[in-house]
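Sequence order for the protein chains is A, B, C, D, E and F. Its first residue numbered 43, the first sequence is counted upward by one per residue in this note's numbering. Its first residue numbered 43, the second sequence is counted upward by one per residue in this note's numbering. Its first residue numbered 43, the third sequence is counted upward by one per residue in this note's numbering. Its first residue numbered 43, the fourth sequence is counted upward by one per residue in this note's numbering. Its first residue numbered 43, the fifth sequence is counted upward by one per residue in this note's numbering. Its first residue numbered 43, the sixth sequence is counted upward by one per residue in this note's numbering.
Just so you know, these hints were derived from the structure itself, not from any lab. If you're wondering where the values come from, they're calculated on a predicted model, not measured in any experiment. Where hints are given, some of them may not hold.
Put simply, identical chains are the same to the list, so a pair is met inside one copy or across any two.
Result set (DSS-like, lysine-lysine): computed pairs, CA atoms no more than 27 Å apart in a straight line [to be verified]:
hint : residue 1 : residue 2
1    : Lys64     : Lys89
2    : Lys77     : Lys89
3    : Lys60     : Lys77
4    : Lys104    : Lys60
5    : Lys104    : Lys77
6    : Lys64     : Lys104
7    : Lys64     : Lys77
8    : Lys60     : Lys89
9    : Lys89     : Lys104
Number of protein chains: 6
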Amino acid sequence: MPTIRVDLFEGRTPEQKKNLVKGITQACVDALGSKPENVDVILNDVKRSDWATGGELHSEPKKS
Amino acid sequence: MPTIRVDLFEGRTPEQKKNLVKGITQACVDALGSKPENVDVILNDVKRSDWATGGELHSEPKKS
Amino acid sequence: MPTIRVDLFEGRTPEQKKNLVKGITQACVDALGSKPENVDVILNDVKRSDWATGGELHSEPKKS
Amino acid sequence: MPTIRVDLFEGRTPEQKKNLVKGITQACVDALGSKPENVDVILNDVKRSDWATGGELHSEPKKS
Amino acid sequence: MPTIRVDLFEGRTPEQKKNLVKGITQACVDALGSKPENVDVILNDVKRSDWATGGELHSEPKKS
Amino acid sequence: MPTIRVDLFEGRTPEQKKNLVKGITQACVDALGSKPENVDVILNDVKRSDWATGGELHSEPKKS
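Work out the full structure: start from the sequences and follow the hints.
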């Protein structure tokens with residue numbers, strides 16, 4: 043506790059993910075006073091063909 | 043906002059997913075007055091071997 | 043299956059929610075061929091003070 | 043209802059998953075009086091490289 | 043790890059919830075060999091007016 | 043995208059939440075190169091009586 047779930051587009055590098063979980067954990071420590079070992083972060087890679095904004099999947103070509 | 047997450051069995055075609063996110067987005071526009079660009083839909087494919095109803099995974103043969 | 047979770051700002055009327063779940067369910071029927079009785083929709087009211095975009099909670103006054 | 047989502051490390055055998063959903067479903071029946079057919083369990087395999095505790099992904103070598 | 047989230051109708055007694063989390067945790071121990079202290083269970087009370095099946099909120103009178 | 047959901051114990055102050063979403067958003071900007079306006083953070087307050095670790099709700103007195 044806290045437990046954080048991140049939905050993000052797939053394709054991030056291991057280095058990016060490593061920095062992301064480090065930064066989010068630090069934010070919990072700084073803002074909430076959490077002990078780092080109590081912070082869980084779960085990353086969920088989402089394909090562009092599985093995420094829509096405005097009714098359009100992000101795998102579809104943008105309308106202009 | 044709103045943000046919608048859909049757990050569905052894997053195996054849907056891109057066309058089905060495209061229609062699904064369009065329909066869900068339209069439902070938010072019609073019912074809530076949301077602006078389409080504020081509606082996010084995330085699809086989460088679930089294997090039949092990862093979804094159980096009544097204690098039986100959907101990958102198991104049905105009892106008769 | 044499918045199971046849909048909707049995060050939305052609190053304050054919607056019962057009528058709006060009723061129309062929303064009806065529309066989302068119909069979208070699943072139309073796009074996926076789901077039987078209506080297999081479609082579950084769970085609504086999750088979120089306070090403006092619990093939802094942030096761009097690092098600002100929606101309860102905070104907009105910067106201009 | 044209830045609907046249960048389980049985030050677990052990937053790599054469990056089909057037999058383990060089968061026993062897990064059976065046990066969780068039985069817990070709902072015993073504790074809540076749920077009918078088994080109303081209990082849905084969705085398993086979500088998470089890679090060790092997508093789960094962090096204490097700011098360290100579980101794919102990283104442990105500090106000693 | 044594992045982390046379990048349970049969406050259930052509101053109105054359960056503390057005793058029912060206590061038994062539920064105990065049973066789910068034991069299921070993880072038995073099926074996965076998890077250490078109990080690594081099992082997190084989060085309960086999410088859902089109002090009948092926020093859960094729909096077949097397009098009808100569970101707060102609505104059943105059609106006959 | 044990304045969209046972040048945080049389950050945390052209820053009782054945090056508005057100031058703590060404000061700092062938390064700011065820090066998490068900054069972590070996404072720094073690690074992923076996200077535009078701040080594309081980062082959504084949803085906070086979910088959880089009662090101690092709805093969160094269990096090791097099969098014990100956090101509202102129960104600790105065993106010694």
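Outcome of the hint check:
| no. | hint | verdict |
| --- | --- | --- |
| 1 | Lys64 to Lys89 | both (23 Å within a copy, 17 Å between copies) |
| 2 | Lys77 to Lys89 | between (33 Å within a copy, 19 Å between copies) |
| 3 | Lys60 to Lys77 | both (18 Å within a copy, 19 Å between copies) |
| 4 | Lys104 to Lys60 | between (31 Å within a copy, 14 Å between copies) |
| 5 | Lys104 to Lys77 | between (43 Å within a copy, 18 Å between copies) |
| 6 | Lys64 to Lys104 | between (33 Å within a copy, 15 Å between copies) |
| 7 | Lys64 to Lys77 | both (13 Å within a copy, 19 Å between copies) |
| 8 | Lys60 to Lys89 | both (20 Å within a copy, 13 Å between copies) |
| 9 | Lys89 to Lys104 | within (16 Å within a copy, 30 Å between copies) |
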